[in-house]
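Listed here are the chains, written in short residue letters.
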Amino acid sequence: MIRRRFTSPLVLLMSLTLAGLLIVVVLDLPPQPGLAAPVADAMDRSGVRHPVTAVLLNFRGYDTFLELAVLMLAVLSIWSLGLRDPIPARPVQGPVLHGTLRHLIPVAVVTGGYLVWVGSSDSGGAFQGGAVLGAAGVMLMLSLPREMPMPSALVQRLGLSLGAFAFLAVGTAGLLTGHGFMGYPPAWAYHLILGIELAASVSIALTLVLLFLGGRSRRVRHGR
Amino acid sequence: MAADVLTPQIYLLCGVLLFVLGLHALVVRRHLLLKILAVNVMGSGVFMVLLGVAAGGEGGVDPVPHALVITGIVVAVSATAVALVLMLRVKAATGLARLPRSGPED
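Read top to bottom, the protein sequences are chains D and U.
Its first residue numbered 2, the first sequence is counted upward by one per residue in the numbering used here.
Its first residue numbered 29, the second sequence is counted upward by one per residue in the numbering used here.
One chain only, chain D, in its complex shape:
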């Protein structure tokens, strides 16, 4: 008990010291040109008009591919930790929730699709669109806690890996046709990027819903 009385002011003092040191460091950062100029120079070969999308899906496509793999790994590790608990909620009585969802979910699907499509020229992209679709899926799950509409295990696994596999297939095709791993022919870049983003947004939405459920459902068996 005595130790605790002394440790908490000590931790506070160390935190404040660290904050002071870090503030001195970040305010004293030397001016640097950054990577804005190289990205702007290569934009005409990227196939898209938004620089962040060009970096994510073209110049640093490898990072985004591994990010989709991380999402897949997160779901697999949650599945390996056991069955999901039932959502502790009773079905809501009355027509309000279901009527709202019947209107809201189509709007969410259209918004998500628009966000994926607009990512090539403006703010948006697979992750933003996938997040909107995932939120719609979570709402659907919450509104039907008893008769949850779960697809079969094979469909879940295929949907989960769709984005990463599409990215890997396009990246390998780039390697075989001489553009390097994760490279695209510039004339096709726009269509390939849009296809990858669509596949990735489906996978991301499904991943977010499965992460929310927090465990594998009874339809997903252990083993191979």
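Please keep in mind that the hints were generated in silico from the structure rather than gathered at the bench.
Some hints could be false.
Unchecked claim - Covered stretches of chain D, as calculated for chain U (at least 3 residues, CB under 8 Å):
1. 9 to 21
2. 25 to 36
Unchecked claim - If you only want the chain D side, here are some residues facing chain U, beta carbon under 10 Å, derived:
3. Ala55
4. Phe60
5. Thr65
6. Tyr191
Said to hold, decoys possible - Output of the computed footprint for chain D on chain U, the stretches with three or more beta carbons under 8 Å from beta carbons of chain D:
7. 38 to 47
8. 50 to 64
9. 107 to 116
The beta-carbon is built from N, C-alpha and C at its ideal position, and this holds for glycine as well.
Starting from the structure of chain D, add chain U where the hints point.
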């Protein structure tokens, strides 16, 4: 003029403060949910510093840190989900969602 010079600095300062706030809570708090939240606050601080650095460069806003941040957000979300499920398993196994008060050597 002064506001133009100051804006990235404010993001850098707030990012550092968020990071240290999260680190302090991570050490002090013992409930695992609060620790997970603290790591998330630390991550938000790091993202804020990255965006401040991206805005402060010469030659316009740098898109590469923005791409790093969006990748980081997705990884943080999935890591948080795994951590929350692990926390629930700890609670199911020990009855408490917190670390033991003293280590085995005490």
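Right, here's what the structure says about each hint:
1. Under the rule that three or more residues need a Cβ within less than 8 Å of chain U, the assignment of the stretch 9 to 21 of chain D holds, with 7 such residues.
2. Coverage of the stretch 25 to 36 of chain D by chain U holds [criterion: at least 3 residues with CB-CB distance below 8 Å; count 8].
3. A least Cβ separation of about 7 Å between D:Ala55 and chain U falls short of the 10 Å threshold, and the interface hint therefore holds.
4. The beta carbon of D:Phe60 is positioned within 10 Å of a beta carbon in chain U (closest approach about 8 Å), and the interface hint is therefore held.
5. With 10 Å as the threshold, the beta carbon of D:Thr65 comes within range of chain U, its nearest partner Cβ sitting at about 7 Å, so the hint holds.
6. Taken as an interface hint, D:Tyr191 does not check out: its beta carbon lies about 18 Å from the nearest beta carbon of chain U, beyond 10 Å.
7. For the stretch 38 to 47 of chain U, the stated coverage by chain D holds: 6 residues have a C-beta nearer than 8 Å to a C-beta of that chain, and at least 3 were required.
8. Here's how the stretch 50 to 64 of chain U fares: 4 of its residues keep a CB closer than 8 Å to some CB of chain D, so the rule of at least three is met and the hint holds.
9. For a cut-off of 8 Å, the count of residues in the stretch 107 to 116 of chain U with a CB near a CB of chain D stands at 7, and the three-residue condition holds.
Checked against the numbered hints above, the structure violates only hint 6.
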